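Undergrad: Here is how the chains run, residue by residue.
There are 2 protein chains.
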Amino acid sequence: MENSSTFDNMTGLTHDRPVQTSSFCQQVASVDAAGNYDVVNNVVIPTPGAPDPRAQNSLRQSWEMNYQEAAIYLQEGENNDKFFTHPRNAQALSAYLFAHNHLFYVMELLTAVLLMLLSLSEAPAVPFLRLDVYVHASLELLALATVAFELCMKLRWLGFHTFIRHKRTMVKASVLFIQFIEAIVVLVRQTSHLRVTRALRPIFLVDCRYCGAVRRNLRQIFQSLPPFIDILLLLLFFMVIFAILGFCLFSANTADPYFSTLENSIVSLFVLVTTANFPDVMMPAYSKNRWSCIFFIVYLSIELYFIMNLLLAVVFDTFNGVEKMKFKSLLLHKRSAVEHAFQLLVGRQRPDGVCLKQFDGLMRFYRPRMTARDRFLTFKALNRSGASMLSLQDFYKLYEVIGLKWKARRSGEHWFDDLPRTAFLILKGINLLVKSKAFQYAMYLVVAINGIWILVETNMLNDGVAWTHVVPWSYIIFLTIYGVEVLLKITGLGPLKYFSSGWNLFDFSVTVFAFLGLIALAFDMEPFYFIVVLRPFQLLRLFKIKQRYRNVLDTMFELFPRMASLGLTLIIFYYSFAIVGMEFFADVVYPNCCNTSTVADSYRQINVTIGNRTILDEGYYYLNNFNNILSSFVTLFELTVVNNWYITMEGVTSQTTHWSRLYFMTFYIVTMVVMTIIVAFILDAFVFRMNYSRKNREPLDDPEDEKGIVFETEVSQTEALQTLDLYKHTLGVTNLSSLQDMCVALERSGHSSLVFLGRRSRTKSDLSMKMYEEEIQEWYEEYSRTNLQPDETSHRELDSPEVSAANSIN
Amino acid sequence: MENSSTFDNMTGLTHDRPVQTSSFCQQVASVDAAGNYDVVNNVVIPTPGAPDPRAQNSLRQSWEMNYQEAAIYLQEGENNDKFFTHPRNAQALSAYLFAHNHLFYVMELLTAVLLMLLSLSEAPAVPFLRLDVYVHASLELLALATVAFELCMKLRWLGFHTFIRHKRTMVKASVLFIQFIEAIVVLVRQTSHLRVTRALRPIFLVDCRYCGAVRRNLRQIFQSLPPFIDILLLLLFFMVIFAILGFCLFSANTADPYFSTLENSIVSLFVLVTTANFPDVMMPAYSKNRWSCIFFIVYLSIELYFIMNLLLAVVFDTFNGVEKMKFKSLLLHKRSAVEHAFQLLVGRQRPDGVCLKQFDGLMRFYRPRMTARDRFLTFKALNRSGASMLSLQDFYKLYEVIGLKWKARRSGEHWFDDLPRTAFLILKGINLLVKSKAFQYAMYLVVAINGIWILVETNMLNDGVAWTHVVPWSYIIFLTIYGVEVLLKITGLGPLKYFSSGWNLFDFSVTVFAFLGLIALAFDMEPFYFIVVLRPFQLLRLFKIKQRYRNVLDTMFELFPRMASLGLTLIIFYYSFAIVGMEFFADVVYPNCCNTSTVADSYRQINVTIGNRTILDEGYYYLNNFNNILSSFVTLFELTVVNNWYITMEGVTSQTTHWSRLYFMTFYIVTMVVMTIIVAFILDAFVFRMNYSRKNREPLDDPEDEKGIVFETEVSQTEALQTLDLYKHTLGVTNLSSLQDMCVALERSGHSSLVFLGRRSRTKSDLSMKMYEEEIQEWYEEYSRTNLQPDETSHRELDSPEVSAANSIN
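Protein sequence lines, in the order shown, are assigned to chains A and B. Residues in the first sequence are numbered from 2 upward in steps of one, following our numbering. Residues in the second sequence are numbered from 2 upward in steps of one, following our numbering.
Quick caveat, the hints were computed from the structure, so don't treat them as lab data. Note that the structure is a prediction, hence the values are computed from the model and not measured. Treat the hints with care, as some may be off.
What the hints assert, rightly or not - Just a sample of chain A residues kept apart from chain B, beta carbon distances all over 10 Å, derived:
#1 D82
#2 A100
#3 Q224
#4 T276
#5 K429
#6 P537
#7 Y621
#8 N645
#9 G751
Said to hold, decoys possible - Restricting the straight-line Cα-Cα distance to at most 30 Å, the calculated cross-link-like pairs of lysine-lysine (DSS-like) are:
#10 B:K398 <-> B:K547
#11 A:K771 <-> B:K398
#12 A:K155 <-> A:K408
#13 B:K547 <-> A:K327
#14 B:K327 <-> A:K547
A virtual CB, placed ideally from N, CA and C, is assigned to each residue, including glycine.
Hey, can you work out the whole structure from these sequences and the hints?
TA: Structure representation (structure tokens):
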């Protein structure tokens, strides 16, 4: 780039050279001729007219390098990787490429999952999964070695300095080190010691490429913490004040165990914030003096109804802010990545546009699976101005079009348009039938009747008679109706259109499940029982009728990925707490264990004789234990639901020490944070979505309407042939069948051009783009003011039509 | 107004005539000269130069009528009364005036409260408040007669047609009718029958003038209902589906009482949504098969964590919209009221401005308690343009300045500026001391030490020793420090400034209470015990330190009125449910009542012998009954908190019928609605407030800063004297001491003018005004487009400066 002025006059050359060369190549050059960065890729300057094959080859190599680096930039933009981790030289590049493909990611993930799953088989193991110490310790060592190998690759790619600066990686490395030593100790001693550090294992999972969403959630949780803690302090403060008050007021009552000491008072009031011991905690005092209820009413009004809601308000507010900031930074990061990539793709002759050739080269690295036709169509979709090259403004939209699935728009409306006349008429009739309102409402009616039928049938089973293995005739009738409906719809709409609607997919799968259930019933297969039982889910279809439900369910599907990642985040917290719980509380509770505690009843298991009948009076709570990781998870879920959690706490406490309460209280506060975040997320998402609907007055009336992002591109016959030619001769791409198919289709259709539709489903980011439309413009301006890079100064004439128009398609 | 053209040339006349005459006068006129509305108040047209006293008098009367009607319009605007209930003639006016003063309002309120309180003494009465049937029935008849009298006044004022059209009044009348008959029946039979209609009594309270906020809340609740019900149906739907599933899966297990029948399944899962029976409901199934926990986890995830939050989101969203709409309609209603009043106040000579004389006349009716000085200052505050008359634009701001408390700005900074030198220096020193950061933080330190001291002291009391009646020395020391602090602050800042800060008031009252506690301790007065116990609240002062807490607490105080009205709304629901509960479930539960139900343990009261010690094993839940209205309220509060509510439900159900569950489930759903609204309100208010702070970047750093609305008005000496003169001679107002005081103060100060400050605390409406600033402008435009009234056409030259400038101050 530095001596680009030398080549400024070389216009009209077929083989343009990149304005900026890949940093990998520069590095290579610098190795060859130390200190002399101006030597550009050992390229002999080609003379016009008679291109030297060696020079051409080397030039192509140089372009390839640029494509690759641009693809890496785009990848970094997509993954929100910071650019300071960008590979700096050829060696780093190879490590980068090794560490950035799905195979490597899957290995990373599997290792992390394996490490976490090991706790199923370690010391307090799930009975049927117990492994010998040397087996699970060896497995652990193996997994840890894999992690170490992955870290080495990262070190190679990042370089030592960047590696040390990267906090997450350093934490991972140190945890790895500790785990390694501990695993060896376990292997040597042939017995597990107190290994609380296992609680840190989720770090490996969090660091996986595929768990980016979990990382973001964790960051968001940590960002919401400061205001949360402030309000939490207020909560705890009132708790202590009321504990002192309660102790003073009620400790004189010997029948009141809840306020007998100050510690008991504090614990009782802590539990009371969760409402788990209400109204029991009030009862002894209440039975002595009816006015004592005022103490509890005031306490609950302040703590539960005011401060807890305040907590939600504060978190909700912070969450909103953080969401917006996150969206902004991601957007600007992507923009910057696109700019970097653009710099690498423009040629010296046309420094303000990317032509198809370069774009295609980029896509071959960035999306290797994409067909030549799709690459071409994506280029066309970006190229809104109609000029032959993409300006930077066009190129900014890259991330919006990259995920599109392209399909030629059908010339006819129906899939059966080409069939013979009779078939056409029949199918047309079916089509009209299944699209009619009457058909739809008839089906709703059938489903409703089915629902009532199931209810009545189940209610008649009340006498405890188990399932008969005779298939009830109602089952067969309704299933037949559903089956006919599915068949009609598939034939009427065509399989493609039918299966492209989420609701139809739901109908289809429920019907298939019901059919499988029928088979299970008919052939008397016990294990498939549950399928029969899932029948009532058929009724969910009824919720298609009302607009609001469709809205809610659609939003639910749009938000599902985020919800799943929040769930995973919760599971990671569970895992850590489960490990700690297992290490300290495994096997401490058992039937009749806690007879000295206040919750003895819940742990009791005795035979009681009433009249002349002996029945087993079970407390069952001994089942809520930390005896293995599965039980721990269930116990922790019960603690999350909060009701009666103090029974588990008191049971464990009575068998261990008072300090055990700290574990349970900490867990409560942590889940409260996570749950509040989840509530805030759902609130935010739905309120956002509803605002969006209001703002854009979406016509959400048609239930079969696909609500996604659609791009249209028209391709003319000449253009298609030209492109095919270009790909064949210039680019040397071998697999051109997709392009050839397009040309054939064009020819066969008889039209001079064909419209292609690119579709993808809408994401939260698309919604945000529309919601913050005005602010985004401001962000961009602010960004370009502060981030105006030296490279960009050479692109002042961005979008000037004369320049773009002067260039040809390649 | 119709023949106003006749008088158009009469400028320069001292006694101007109103453009529009009060509708009361018109009515009078129409009585005098039927059909001839043009005869304006029997006024003989005065001849210039020699005003006829009779004509003047009658003119004054005409103006007085106008003032009164304008005041009524303003009142209607303030109270959000629709204008179609505006009194139409002189007779209606007298009824209106009778029914619109605080005495009448208080009577209304007292009657309603008396009616509600009667349930304390009726049939299932609170023991020490029991009254004979003829006593409480007579009281009721008396109260109902009062209500009937109030209704008659309303009928007189509204006229029959409007009365019938007014829905709320009609409902009230019919309820009154039923109650009347029932009360007479009770009196005749000398015994209470099943009187569920008593549950309707809160209607009388809701209809009170002072309960406008409650009415608004109820309206908001009803408006949020449709989306709420939609989501509730989704919730119930999943409940039924899972009940069928659960019944199929778990009914085979005879040890599982929760899913033995379909009804039990539904009830169990309904209770499970409230989490009240978790994990117990899972335990029998879980102990048989560990994987059955999946059923419960999935159910809770869908119902509790998803749909319940969705409910909140939907209500929150609706609530937001309703809040905004409500604000808009109130604002426009007020604007319209101001316009109506303006029309009545302008004179024929100056049809586009209101001068002080008219304004003063209005205020004498609208705010009879206001002093002449304050009326004058309010006029000045409105009169921003500096012209001698208020234009309509000025007048629009009326509601913003009407509540201001006026005070002359002190010339000096301190209250002790006028004291002799020595005293001044000492007080100045104290002033600097109490304002210093060091002093503040020293006090925080003392409070913190006090807190720790109390905690340690209380903890040392753990051995159950009751309070000694010796005053602990620490108590005296800390109290002395606080006392000294209060005295220093009062002397340093001056009592006025000290008590104007909410935080200081809090400090002061806590210290006074502590002092009272000390006396109670010293003189051994048992009943005042609780004061001693309130000591820890002193610690609340610590929360002044941090910005966020100040913010939260300030917001809390700003929102307190709304919160209180929401609380009152909840109590009204409680009342109705309590009455129904008492009618059906009074005295159904008692110790050992429910031995056949699943919750027998909670109602058991037996002596258990463990070893050689006999202890009373109490279930206590028989205390949660509907035996009188106070118990019912406590029981309903327990049901609101939700935890273990099913024990109360099952207890009552086992003693009555299955249908009793309907009562409890309905109550749960109703409180869920109200509680969700409360949560939505708190969320909305805080998020709104935080956005407001961010948007306006408030300097909230100074804890002593008063955050209110402040208006400034400068009054010159000549102006003051002129005004005094005007009031004395022209208006004939007798009580002018306030104005005279002002003149004296002006003279004494030696300055030519004095600045007065008008303050009031900020309300939610002020915040909304600022938040919706831009939208408000749009609303106004839209409003004036659609509502352009014929009266306004005569005021096209609004705000034209020439017209205003031509007029003198009176």
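Undergrad: Which of the numbered hints above does this structure break?
TA: 4, 6, 7, 8, 10, 11, 12
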